[in-house]
Amino acid sequence: GAGVSQSPSNKVTEKGKDVELRCDPISGHTALYWYRQSLGQGLEFLIYFQGNSAPDKSGLPSDRFSAERTGGSVSTLTIQRTQQEDSAVYLCASSSRTSGKTYEQYFGPGTRLTVT
Amino acid sequence: AQKVTQAQTEISVVEKEDVTLDCVYETRDTTYYLFWYKQPPSGELVFLIRRNSFDEQNEISGRYSWNFQKSTSSFNFTITASQVVDSAVYFCALSSNNAGNMLTFGGGTRLMVKP
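If you read the protein sequences in the order shown, they are chains S and U.
The opening residue of the first sequence carries number 16 in the numbering used here; numbering runs sequentially from there.
The opening residue of the second sequence carries number 156 in the numbering used here; numbering runs sequentially from there.
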């Protein structure tokens, strides 16, 4: 079946502008994660959605970052007033998850964000 | 706090050599999960394996094998008879229910297999 998809694949934006990144998880996966990968910081967790529960936002680096997940499926990560340090590859992952069990996460191809 | 350490930042081997990628982890949880992912030059992270903390059996899949040792908090990955297509960055990762299920990644090991 289809894997995790993300759009756009590349985004160049000017410092101070807002950006929205989209993630379509694998159909039927209840858990959705956002990570970012940058040269200096490696792979970092940003936010986690599980079903209808409140998201775990513990990894968001500042209040300029927010995310939502509509209808338990598609998710949008929004970065307001972008800064050059926001430049990174933003990765989305999804997994099946039932109570008490953890499954592997499958990753999308990522969105490369460049802030000029 | 959870932590994953991949001490080898870069390894270079010649095709057909065996190579082992090291992974050491830290966690206070008694139930946790360990993973290996491959990131080829194309950039997409590819899932390779998941192990549960209560299952210390080693696993072999073709040329790949994994050695999980709780006593040393290690989860090492061996590629036998390496091939050029194995060239990639390999990430070890850790998660646990108590830590929110997000993955904590190691810094990655870049493997270069030369013909």
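Any given hint could be a false lead.
As the list claims (entries may be wrong) - Listing some non-contacts, in silico: residues in chain U with all C-beta distances to chain S over 10 Å: (1) GLU199; (2) ARG205; (3) PHE260.
As the list claims (entries may be wrong) - Distance condition first, Cα-Cα at most 27 Å in a straight line; then the derived DSS-like pairs of lysine-lysine: (4) U/LYS269 to U/LYS225; (5) U/LYS269 to U/LYS171; (6) S/LYS26 to S/LYS72; (7) U/LYS158 to S/LYS72; (8) S/LYS72 to S/LYS32; (9) U/LYS158 to S/LYS26.
Claimed, not checked - Where chain U lies over chain S, by a calculated footprint (3+ residues, C-beta under 8 Å): (10) 24 to 33; (11) 86 to 94.
For the record, the hints were derived by calculation from the structure and aren't laboratory data.
Glycine included, C-beta positions come from ideal geometry on N, C-alpha and C.
Q) Going through the earlier hints one by one, which of them does the structure break, listed in rising order? A) When the structure is compared with the hints, numbers 1, 2, 3, 4, 9, 10 and 11 turn out to be violated.
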